[in-house]
Structure formats: C-alpha cells, structure tokens
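What follows is each chain in one-letter form.
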Amino acid sequence: MKRFRTVWVFMGLLFVFLLHGCLDEAPLFSGVDVFGKKGTGPGEFDEPYAIAVDGTGRVYVGDVRNHRVQQFDADGNFIRQWGRQGDAPGEFEKPSGLAVDSLGNVYVSDYDLDRIQKFDADGRFLKQWGSSGKEHGQFDSPGGVAVDSHDNLYVIETYNHRLQKFDSEGNFLRTWGEYQPIHVVRSFFAFLVDPGAEGNFNYPARIAVGPQDKVYVSDAYNNRVQVFTPDGKFLFQWGGVGLLGGQFRVTAGIAVGAAGRVYVADFYNHRIEVFSGQGSYIAKWGGRGGEPGRFNAPTDLALGSRNRLYVVDWGNNRVQIFHLKNAPS
Amino acid sequence: MINKKAAFWTAVLTVFLLQGMPSVFAQDGKEIISVKVKGMFCPFCTYGVEKKLKRLKGVARVKVSLKQGVAKLYLKPGATVSDATINQAVDDAGFTPGPITRSATKGGE
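Chains as they are written, first to last, in this note's numbering: chain A, 1 to 329; chain B, 1 to 109.
The hints are simulated quantities; they were obtained by calculation from the structure and are not laboratory data. Some hints here could point you the wrong way.
What the hints assert, rightly or not - Lysine to any residue pairs mimicking SDA-like chemistry, simulated, CA-CA at most 25 Å apart: (1) B:K36 - A:D87; (2) B:K38 - A:E291; (3) B:K36 - A:E291; (4) B:K54 - A:E291; (5) B:K72 - A:H67; (6) B:K38 - A:D87; (7) B:K38 - A:R65; (8) B:K76 - A:I282; (9) B:K67 - A:E291; (10) B:K67 - A:S132; (11) A:K38 - B:D91; (12) B:K67 - A:D87; (13) A:K134 - B:K67.
Unchecked claim - Distance ranges between label pairs, derived from CB positions: (14) B:T105 - A:G55: 45 to 53 Å; (15) B:T80 - A:D75: 50 to 58 Å; (16) B:G39 - A:R65: 19 to 27 Å; (17) A:G41 - B:S82: 41 to 49 Å.
Computed from a predicted model, the values in this text were never measured in an experiment. Note that the Cβ used here is the ideal one computed from N, Cα and C, for glycine as well.
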C-alpha cells in the first residue's frame, strides 16, 4: 500500500513538472510588431533565414530565395537591398548568415557557395574569401557568422561540424570541433546526466558572441547550446531534446545580451527560449501559428536598440519585433 | 461494326508508341529524377539536400519539396546521373535516400 502511495506521489510530481514545463510563463515583452510578407518586392521575403542588427539599430535580413540582403530601419521600414542570384562578387545563392562589425561592415555567409562576403553598410562589396572544402579557410555550408569585440569573425559550418575564426580581413586564426552526435535518450536526460561530446558538434547552425567575447554555438542536431572562450576552450553547455522549458527540438538562432542573457530560437518547437548567462532556464514563448507572437520555424534572431528582439519567422516569411520589458540583460 | 483485326493492330501500335515515347524524350529532352529523402523536415535539411544534389555533374537544377519529402533533379540535355551517385549525395547531406524514379520531358518543367 505504502509503495503504491509513493508511486502516485512520484507520478503526481512528474505530471506537475511536465505541465509546468509545457506552460508559457508571463511574457517578457510588452508588444509585438511584424514586418514583411511573402514576395519579391522591397520589404518582402521568400524564405528569410538570417538577421543582424548594427550599432545604429539598422536591421539586415538574409532573404534566401530572393538571393539578396535587405536593410531596414529599427522599425522595419525598408532602406535598401543588394545582391541577386549568382556567384560573382556581390551575388548570392543562399545568404545564410549575417554579422555586423564595429565599423558597420556587413559579413554574409553563403550556404551554397561556401564563401564569406564583406560589404560596407551601404551594400558596397569589399572582399570575399572561402571555397568548398575542409581545409582552413574553406567551408561546407557556413550557416552562421558572428563578430567579437576585436572584429574577429567566427564562422560555424553545418556540414564540416566545426567553427573557424578569422580576423576582419579573412586571415585564418583557429578552428575547433568535429562531428559527434549525442544519442537522443542521453540528450533527453541531459538535465540529469552529462551528455558529453563537449567541443564537438552535430550539424551546428548558428553562433553568437557575448560578454568577454564568450562564444555561444547553437549545436542544432545535438539540441544544445555550447559556450567557449574566444580561444576555443569549452566552458559549459545546456539543453537536450524535448518539449519542456530548457529543452529544444533543433536549436537555431542565438543572441546574447549585454549582461549575458541568452535568447535561443527553438526551431521545431516554434518558440523562443530565454536563459541566464550560465544557461539557467528563464522563460519561453511562441507556439506554431501565424499570429503575432507565434512562429512557423524561427531560424534566427538578433537583439537591437531600444530593448528589441528581432526574430526571423522563416515559414511565415516575416520578421517579428518583440519589445522586451527590460533591457536585454 | 468495328473490324476486329484493325482494332487489334491499332492497340498494338498505340502500346508500341507509348513505350517508345520516354526514350525519344530522353534523347532529345531532359531527364527528371525524383528521389525520396527520408527524415527531411526543416529548411536546414532542404538547403543541405539541394546543395549536395545541385553539385552533381549533369544536374541543371534541383527542387526539394519539404511536404512530400522528395527532391527532384532536372538534368541537362543528354546528361544522366546514376542511382549510386544520387544516393551518395543524399547520404552526404545527412539523410537516407529512398526510392528513385525517372521520367523525361521535352521542354523541362
């Protein structure tokens, strides 16, 4: 009898734990704005995939099927665009990753052409580097890019399962990571047991740089975030596959606030999750849908001026602006 | 009254012509290959499959349907790509290849 009571108590606790994990918490934002719709005109998108915000608050979107980069003001008003389909300088096949350095230069990675292009803030081509391959300075699907406080560029490669670091002129500095998947059961229980595979990746998707130039990698198919020093030393990780708060079903875009708070696009759960700088779960919001505040496969996000979080809503062909209640801490 | 002999030969001729059509297209037109891609659910997946298949020699363009889980390869005129090559490319993209079907069109799609 006593054993049955223990089982029921355990089941009850598990139910409450799971229910708690599935509920949305009080929203961290006070309002949502939306810009963009499917199309080929200015301000329209056909599979927007990447986003970045520069120091003045201007927003850049990688518009994959339109083979271009579009620039907007902080409210989402169209300013300019550049690029067309092709492999000549200034052209794109799939502009998959975006980052802006301290001078306002824009770095664009191309998923298909395996190269990085550098533009000024007006979209004028400056330089490019990279080709297909596994050597230093070569790429296989550079899915995401990020810039540190010294304007070094970090490139995450989905198919080479590694990260490469360059200076702002494209000179190779270092690399780390190789293919190492985590078993799904081990991943689900990551909150109980160390999933291992530190420093290695399974189709990594995105990258961000936080305070002290810590490097945050969205290790997509290992369903986790890994954090490194700028030299590639593994610091810590969090996540695991699942539906609960703090778990993911394919991590996508990642952004880090000035004091280390981390925002992660949880691709298959169609939501955004928020963590402390040490990876402690704080909140989540979203769910699948086309209404403001809901998503159809969010692929990237970026923090902007005036407490704004910009999220690329890939399947809905739009960008959502979340007005955060407090400054991104 | 239909002449039975004429009807028989008409049917034989029709079957013969229908059978011969694809090979005529394959010579003058472009081959289209459909490959089922198992486990393809997201844009990362479609982008990867597209990339790996597009690089195969003889492939003019690739269209991936996420909904159907199928990649279609539109070949250049006169080109052909083996099943083994396609399977390897899908495998390189991180997925398991399924059945492959081939058809042909004169003007492309």
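Problem set entry | Hint check against the structure, violated hint numbers in rising order | 1, 2, 3, 4, 6, 8, 10, 11, 12, 13
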